[in-house]
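Mind docking chain B on chain A? Use the hints.
There are 2 protein chains.
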Amino acid sequence: MIKREKIKSLLNTTDFNREVSVMGWVKTFRNNQFIALNDGSCMGNLQIVVDFNNTAEELLKRITTGAAIAIKGQLVESLGKGQRVEVKATSVEILGDSDPEKFPLQPKKHSLEFLREIAHLRFRTNTFNAVFKIRHALAFAVHQFYNERGFVYMHTPVITASDAEGAGEMFRVTTLDFDQTPRTEDGKVDFSEDFFGRATNLTVSGQLEGELAAMAFGEIYTFGPTFRAENSNTTRHLAEFWMIEPEVAFADLEDNMQLAEDMMKYLISYAREHCREELEFLNNRLLEEEKNKPQQERSELSLLEKLDFCVNNDFQRLTYTEAIAILKSSKPNQKKQFKYIINEWGADLQSEHERYLVEKHFKKPVILTDYPADIKSFYMRQNEPDSEGRRTVAAMDVLFPGIGEMIGGSQREERMDRLTQRMDELNIPQEELWWYLDTRRFGTAPHSGFGLGFERLILFVTGMTNIRDVIAFPRFPKNAEF
Amino acid sequence: MIKREKIKSLLNTTDFNREVSVMGWVKTFRNNQFIALNDGSCMGNLQIVVDFNNTAEELLKRITTGAAIAIKGQLVESLGKGQRVEVKATSVEILGDSDPEKFPLQPKKHSLEFLREIAHLRFRTNTFNAVFKIRHALAFAVHQFYNERGFVYMHTPVITASDAEGAGEMFRVTTLDFDQTPRTEDGKVDFSEDFFGRATNLTVSGQLEGELAAMAFGEIYTFGPTFRAENSNTTRHLAEFWMIEPEVAFADLEDNMQLAEDMMKYLISYAREHCREELEFLNNRLLEEEKNKPQQERSELSLLEKLDFCVNNDFQRLTYTEAIAILKSSKPNQKKQFKYIINEWGADLQSEHERYLVEKHFKKPVILTDYPADIKSFYMRQNEPDSEGRRTVAAMDVLFPGIGEMIGGSQREERMDRLTQRMDELNIPQEELWWYLDTRRFGTAPHSGFGLGFERLILFVTGMTNIRDVIAFPRFPKNAEF
Chain A
5 MIKREKIKSL LNTTDFNREV SVMGWVKTFR NNQFIALNDG SCMGNLQIVV DFNNTAEELL
65 KRITTGAAIA IKGQLVESLG KGQRVEVKAT SVEILGDSDP EKFPLQPKKH SLEFLREIAH
125 LRFRTNTFNA VFKIRHALAF AVHQFYNERG FVYMHTPVIT ASDAEGAGEM FRVTTLDFDQ
185 TPRTEDGKVD FSEDFFGRAT NLTVSGQLEG ELAAMAFGEI YTFGPTFRAE NSNTTRHLAE
245 FWMIEPEVAF ADLEDNMQLA EDMMKYLISY AREHCREELE FLNNRLLEEE KNKPQQERSE
305 LSLLEKLDFC VNNDFQRLTY TEAIAILKSS KPNQKKQFKY IINEWGADLQ SEHERYLVEK
365 HFKKPVILTD YPADIKSFYM RQNEPDSEGR RTVAAMDVLF PGIGEMIGGS QREERMDRLT
425 QRMDELNIPQ EELWWYLDTR RFGTAPHSGF GLGFERLILF VTGMTNIRDV IAFPRFPKNA
485 EF
Chain B
5 MIKREKIKSL LNTTDFNREV SVMGWVKTFR NNQFIALNDG SCMGNLQIVV DFNNTAEELL
65 KRITTGAAIA IKGQLVESLG KGQRVEVKAT SVEILGDSDP EKFPLQPKKH SLEFLREIAH
125 LRFRTNTFNA VFKIRHALAF AVHQFYNERG FVYMHTPVIT ASDAEGAGEM FRVTTLDFDQ
185 TPRTEDGKVD FSEDFFGRAT NLTVSGQLEG ELAAMAFGEI YTFGPTFRAE NSNTTRHLAE
245 FWMIEPEVAF ADLEDNMQLA EDMMKYLISY AREHCREELE FLNNRLLEEE KNKPQQERSE
305 LSLLEKLDFC VNNDFQRLTY TEAIAILKSS KPNQKKQFKY IINEWGADLQ SEHERYLVEK
365 HFKKPVILTD YPADIKSFYM RQNEPDSEGR RTVAAMDVLF PGIGEMIGGS QREERMDRLT
425 QRMDELNIPQ EELWWYLDTR RFGTAPHSGF GLGFERLILF VTGMTNIRDV IAFPRFPKNA
485 EF
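In order, the protein sequences belong to chains A and B. Take the working numbering: the final residue in the first sequence is number 486, and no numbers are missing along the way. Take the working numbering: the final residue in the second sequence is number 486, and no numbers are missing along the way.
Okay, chain A solo, but in the shape it has when bound (with noise of 0.2 Å):
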């Protein structure tokens, strides 16, 4: 028996005239003969030459678009256009059958939308082939990243019963039963029954948590599933999504700036050198989709030319007080072609003022700090108030071209003090985050982090629009089909 090969290997040999045996699923099957064959290790398909002269009619009726075959073969070098080597099938067995009446995924442009509703399917697309193996390469490099630096991945709770951080609607987990729920003398829902003791939810962020490990080990970072239970139907959202929230002890926000900006830089340029075939496909896909756009629509920059573009050059820095100036100056500003006019200090930046300093003002990533303390969480470090006494905080957001906030961070408060004054003042209870607040109370000391939401680097780098696109099987209101 000969061992199967993947495609991947066999279009990238030169050692021919030799038999192989390769399994995959049928692309295309042209003129009763020529097999465009692909088994997933790579985009690109292998030829094989069937001898239809020589192979049963029935057996070629079943080599149809989706089925999964085995080749024996010899593989030799192709004389034909379009590809460098092929195999000349000596034997060809059906593993699996597509009924070509029935099959969905046919050899011809399907919309995104469509694909969507067949998540299970879509990965045998070259979109998703390549969407997916770069969203794998992009996982990969973020261990490798921080694996070097010597930062220690942690695991931290996905079911907590801490509600405290605020960062949005949180799902409840419960095996409390609707129709005989356990009651209180008062009536309510006796959570002590609950499977935990107590009501708990679904993870907002890891940070917390996060914090904790950091005061041990000095650097960690996470990466594992958060979750908003908010009724956001946008190209941007997901119910359950990916974030990696890296946080440093004895860092500043200066570390901090510079930990992100050291960070996407290695991410988008290990996704340049291990995913070239992948890229080069997605750059073409934009540039054909370019086509059909009016000309002052289209992208100054090509797929590959903006991740290039972000990787060789410095980040843009500057505080929320001067993009306030910038913004309240421009021109969409003063001719009122925002949806929000910033008129004053203290306003929260929309996507679209974030996306005109990065795309229009700076054109390059941007990284704004020292937010206002009250459009921010607790736990962000107080600054010293400005000369006109305004509050902020140590706070960042890194914002993208095309995707506006990729990373928010901040240097934590580590002063008791500051920290349990400003939760009595949003009414955070100090007993529920005890354990946070014993990292301060022993051996406190500054520290920084941020989360990176994991689709949006994948936007990014992909050029794909929709959030649903480049997670495997999206969630989101009203769906968690597959």
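Simulated from the structure, these hints should not be mistaken for lab results. Model, not experiment: these values are computed from the prediction. Honestly, I wouldn't trust all of these hints.
[Claimed, not checked] DSS-like mimics (lysine-lysine), calculated; alpha carbons at most 27 Å apart, straight line:
1. 192/B with 269/A
2. 310/B with 368/B
3. 7/A with 269/B
4. 7/B with 269/A
5. 92/A with 65/A
6. 269/B with 10/A
7. 332/A with 364/A
8. 65/A with 112/A
9. 192/A with 192/B
10. 31/A with 65/A
11. 339/B with 364/B
12. 269/B with 339/B
13. 482/A with 192/B
14. 482/B with 192/A
[Stated by the list, open to error] Computed list of chain B residues with no C-beta within reach of chain A, every gap over 12 Å:
15. 83
16. 87
17. 305
18. 316
19. 332
20. 333
21. 354
22. 382
A virtual CB, placed ideally from N, CA and C, is assigned to each residue, including glycine.
Same frame as chain A, now just chain B:
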């Protein structure tokens, strides 16, 4: 300003007699002179020598166990016993105090039970530093192993509407209100009003979705959290744990066993190579513990010997039927020392039987295959009935000393008629798994996979005995603290 250096690198440097900056937490402070400083980068402490004659009394008092401090000073070769290098401090700064009356981690041996209560601080002990460094290393090794082999890392959904796998009790995920639960006309809970428009749960396995991806990419793996709402208060069960699930197209049970064995050897070897210091420490920790046990209860092999043994020996492969024969005629079965006596073919194996096979009979890891169909899942490939007409499936369990089942897997039933017949027998509705069945409809092919419980792997490699000690913040009945 001098850049902070990590203690791990200072302990290994020979570049002496230079100014350095270090930060960390005080482990001990002896004779008002010698600080043992740890920054989490390694288990080892750096000795700081304080010039107590020229340091304020007030400051010296604040150098307490657990305090965070910043040191500047001269790195020199140490003349003292027990360390190669030390830092002669020129400046000591207290970053965060630690009240010695209140700090729970005193420089003495604490019980694991006590440390579980303060899981947010236990990372600062040597034992948990070692355990979580090894956990990190093993997680990275998993990714590296599969990345090197061309597997695609898939993030399968955590929230799922499918409860067909039957792997165990599930947690409900919901945004419905217990007090104002929407009801259908016939009084049932109206899950169409729930966030996802249907009832949803936390996943028990990513396998079914993993199969979808394997049938496109050829080789994939998952590495994510999975959940069981079982009321198991044991040292082996968690409500939330991490699982690694590879799935390979065109692979049979033989290939599956080989992959599992290769992976386990790779992971253990990786830890042996990259976590020498940590494993050495845990090895000695266990040897110390063993000293308190009576001779006959002591392990034959030390932790390190056990790890090497698994790397250097082939796993024993045998069928369930062969195992039953061995167990039936075994001493503990004949002498009725097993809690569950093995009387006949068809019995489900308990941990005591698995451990007998591994620890007493074969004395090495064992792969059991071809279990009775009735005690295994619907998706496992049906073998032809044996000579006595008994129905088995191409399942495999990998059993490890001290752990029992480390891995469970199977070749999958790729034949549509066999699969749907089995689903009917078990009353699993086909409509719910239309997407799963589609892979059998369109280009089905033999494929196989397995699941490795990540925490069980860490138990084995670290020699820890309670699974709550190898995950940062364990989730189990009545506990979701931190």
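Each hint tested on the structure:
no. : hint             : result
1   : 192/B with 269/A : violated, 53 Å
2   : 310/B with 368/B : holds, 9 Å
3   : 7/A with 269/B   : holds, 22 Å
4   : 7/B with 269/A   : holds, 22 Å
5   : 92/A with 65/A   : holds, 19 Å
6   : 269/B with 10/A  : holds, 24 Å
7   : 332/A with 364/A : holds, 14 Å
8   : 65/A with 112/A  : holds, 20 Å
9   : 192/A with 192/B : holds, 21 Å
10  : 31/A with 65/A   : holds, 14 Å
11  : 339/B with 364/B : holds, 15 Å
12  : 269/B with 339/B : violated, 36 Å
13  : 482/A with 192/B : holds, 19 Å
14  : 482/B with 192/A : holds, 19 Å
15  : 83               : holds, 28 Å
16  : 87               : holds, 20 Å
17  : 305              : holds, 28 Å
18  : 316              : holds, 25 Å
19  : 332              : holds, 36 Å
20  : 333              : holds, 36 Å
21  : 354              : holds, 25 Å
22  : 382              : holds, 18 Å
Comparing the model with each numbered hint stated earlier shows that hints 1, 12 do not hold.
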